[in-house]
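Chemist: Each chain is listed here by its residues.
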Amino acid sequence: MKGVNKSFPGVKALSDVNFELKAGEIHALLGENGAGKSTLIKVLGGIYIAEAGEIYINGQKVNIDGVLAAREAGISIVHQELVLVPYMTVAENIFLGREPGTKWNVDRHKMSEDAQKLLDAYDMHIDADSLVEHLTIAQRQMVEIVKAISFDAKILVLDEPTSSISDKEINFLFETMRNLTKQGVGIIYISHKMSELAEICDRVTVMRDGFTVGTRVVKETTTDELIALMVGRELTNYYTRDFTESDEVVLKCEHISDGKMVKDVSFELRKGEIVGFAGLVGAGRSETMKAVFGLTPGSKGEIEVKGRRVEINSPIDALKNGIALVPESRKDEGLYGVQSVRFNSTIEVLDEFIKNLRVDHAREEEITQTYIDKMATKTPSQEQQISNLSGGNQQKVMIGRWLATNPEILILDEPTRGVDVGAKAEIYSIMNELAKSGMSIIMISSELPEIINMSDRVYVMYEGNVTGCLNHVDVTQESIMQRAALSADAQTNDKES
Amino acid sequence: MGSKFKKGVVSYFKQNLGIIAAFIVMCLFLVVFPTTRTTFATSKNIFNILRQNASNLFLATGMTMVIILGGIELSVGSVIALSGCVAAGCVVNLGLPEIIGFLAAVVVGGIVGLFNAFFISNTDIPPFIVTLASMNIAKGVVLVFTQGVPIRCLTDAFKFPGVGYIGFIPVPVILMLIVFVLATIIMNRTQLGRHIYAVGGNTQAARFSGINVKKVKFIVYVYTGLMAGLAGVVVASRLYSGQPTAGDGAEMDAIAAVVVGGTSMSGGSGTLGGTLIGVLIIGVLNNGLNLLGVDSNWQYIVKGLVILLAVYIDWLRNKKAGK
Chain A
1 MKGVNKSFPG VKALSDVNFE LKAGEIHALL GENGAGKSTL IKVLGGIYIA EAGEIYINGQ
61 KVNIDGVLAA REAGISIVHQ ELVLVPYMTV AENIFLGREP GTKWNVDRHK MSEDAQKLLD
121 AYDMHIDADS LVEHLTIAQR QMVEIVKAIS FDAKILVLDE PTSSISDKEI NFLFETMRNL
181 TKQGVGIIYI SHKMSELAEI CDRVTVMRDG FTVGTRVVKE TTTDELIALM VGRELTNYYT
241 RDFTESDEVV LKCEHISDGK MVKDVSFELR KGEIVGFAGL VGAGRSETMK AVFGLTPGSK
301 GEIEVKGRRV EINSPIDALK NGIALVPESR KDEGLYGVQS VRFNSTIEVL DEFIKNLRVD
361 HAREEEITQT YIDKMATKTP SQEQQISNLS GGNQQKVMIG RWLATNPEIL ILDEPTRGVD
421 VGAKAEIYSI MNELAKSGMS IIMISSELPE IINMSDRVYV MYEGNVTGCL NHVDVTQESI
481 MQRAALSADA QTNDKES
Chain B
1001 MGSKFKKGVV SYFKQNLGII AAFIVMCLFL VVFPTTRTTF ATSKNIFNIL RQNASNLFLA
1061 TGMTMVIILG GIELSVGSVI ALSGCVAAGC VVNLGLPEII GFLAAVVVGG IVGLFNAFFI
1121 SNTDIPPFIV TLASMNIAKG VVLVFTQGVP IRCLTDAFKF PGVGYIGFIP VPVILMLIVF
1181 VLATIIMNRT QLGRHIYAVG GNTQAARFSG INVKKVKFIV YVYTGLMAGL AGVVVASRLY
1241 SGQPTAGDGA EMDAIAAVVV GGTSMSGGSG TLGGTLIGVL IIGVLNNGLN LLGVDSNWQY
1301 IVKGLVILLA VYIDWLRNKK AGK
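Chains as they are written, first to last, in the numbering used here: chain A, 1 to 497; chain B, 1001 to 1323.
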């Protein structure tokens, strides 16, 4: 791939990306969230069309203008989210859309036989006639890979295949990958886990902010060098933060667990500080906060608010204790899309203006306006349907909604995701003001610069545990990434503040 | 207060412009068309339309809430038959006073509502399936107990809710007003109303907002059951009997009224004001077709087309507004 460019409205996702894959090679693609890995893969797979750039396969220029063209060019992608049909058999899934037999009569016998042959060829102990819903996640992954290869793929892309499978299954996956390379298949391997690179990959290309910043031979590089490549961007200066130190603990959580993603998390939050939660996607940060906020039935742990032990079994309990949570996914967990800005702004504080079968419309408008002003939300009117606002303004309404509950503890989960740069700077400045006024803020973020420039302290999580707590003077991208990606040696040199 | 009221009226017309226009066009046509000129715009006929559509309005208020909630309620038609037969049965077979029969009928509607509410709020079974089941169960219960034979009840008190008058206004029209005001208060003047919009608009977000999603669903389905029970009383009273086949397909008329009234089937938005117009459009349509002497078999076809047309125009308007 040479000089590939791809833009989305307002964002340049890929800038002059160059990437090279040899036959029989396993080539890792590395980078932070949003670095452009997925976009690059989607261009290769024909899901996105690049605006500029050329793709050559075996020296020949190919024009990939759709998923079918990519498939014909010998490119197969196993996406992070599995896309098998759970209620069909393995064989049916492998041959979905190209069943053997005539148009009106599928040759089931041949289909299952062919599928079994493929499975056996890679030593996968999977029955072609079993239903996909009965398989483990790892087995499904294998089926996806077999399906991908069955298109006579010469180039196989695996997008974070190990994020949800166990060590034993990972070993089996690696074995399969090695088998494939012996047959000349080139594999592009996307992973956040640096430890896997040395084990399985030949070369590694690092992406950052839509650029390819370097390609290294795995044996000749070090983890530190790769991390430096990944995070070595210049920090922009739109952060506003007056760092503070405080001794007054307002929230203390001990041994939080939810039985799934969150294993044993303890942390504390002090008055007027912003505490960052860093970690990779899937580290259990959002899940921890959901448990604290009472959204996860069956979660365990002790929560103290201002020294007083509290029971939080629902968001209502959390709100009563002065805790507010602005969720991670605006669209899925926050917005009432068909409703107005006003409806969205006031849904948490209905009891302030709806009483005794009367709605105090003046009060409702006043509350809405207060937070429109406070957050500097740009909206033509309070009646505006919220889905017509920009992401940044939607996010401001979301934050305003929760500020209206007058929380002492504000949890912001990815507060600037999908928000343009201008609105980001405004949100940072508002967060700074809130903290200065005595509010205590927890900020979950996958953007390291944001974590580093806004947090008084940073907790780093890895696979459901806290792997470090850093003071703002000790926070560097490297110190965070080490704890977020390499759990093993990170836990030993924590600097507890 | 006066200006606020004016503002409300203005925004009501603005919001429902399309269907109000359609409604007016329809009425104007019937007022000027030769065969209906003398019959349509008489107080007798207008009260007649209102009386016949009272039960649909009861159902449609509940259905509006259910659909805003993102659900559906198919059992209300069967409940009309069930509660009507219960009312008549209490009077005729058990010798109870009419008022007890009516109350029992409404309570029976509430019980079916409870049944629906229980499964819909405590499990993930889709409301379509739950209410499809209860629709069949209710229908079966009626047929088992009546053996398919209507229970005739000709006492004056029994006829009161369906064909009686208070002053010069038919009782069902008064009931219609009461129900509409009650439903409007629930939707527009209580926190519950906001919660219904919130749960229907984004259930997950509602959970984050600390809204008791289960409770909201529960209340709405029980309310709808009670309204279906009340509709059964009025229908039975109008027919002087509990009819095992009354209310057949009534759920579809209610859904049609709600949808024509601009409520989105995907939940989260809609108004009772729109539903009121929807009920009137369907009522006037039925009445007009009768006055015009259109064959009853053809009436179904016309009704279907009008429903589609109304929703299509609404869709066009929204598409334009979205741009």
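None of these hints come from the bench; they were simulated from the model. Where is the CB? At the ideal position from N, CA and C, for every residue including glycine. Among these hints, one or two may not hold up.
Stated by the list, open to error - Here are the simulated distance ranges between beta carbons:
1. B:Met1252 with A:Gly97: 48 to 56 Å
2. A:Asp317 with B:Gln1015: 35 to 43 Å
3. A:Glu72 with B:Leu1308: 37 to 45 Å
4. B:Trp1315 with A:Glu248: 25 to 33 Å
5. A:Glu352 with B:Leu1292: 49 to 57 Å
6. A:Lys355 with B:Ile1301: 45 to 53 Å
Chemist: Taking the hints in turn, state whether each one holds.
Modeler: Comparing the hints with the structure gives:
1. B:Met1252 with A:Gly97: 48 to 56 Å: 38 Å, violated
2. A:Asp317 with B:Gln1015: 35 to 43 Å: 38 Å, holds
3. A:Glu72 with B:Leu1308: 37 to 45 Å: 43 Å, holds
4. B:Trp1315 with A:Glu248: 25 to 33 Å: Violated, at about 57 Å.
5. A:Glu352 with B:Leu1292: 49 to 57 Å: 54 Å, holds
6. A:Lys355 with B:Ile1301: 45 to 53 Å: 50 Å, holds
In this structure, the earlier hints numbered 1 and 4 are contradicted, and the remaining ones agree with it.
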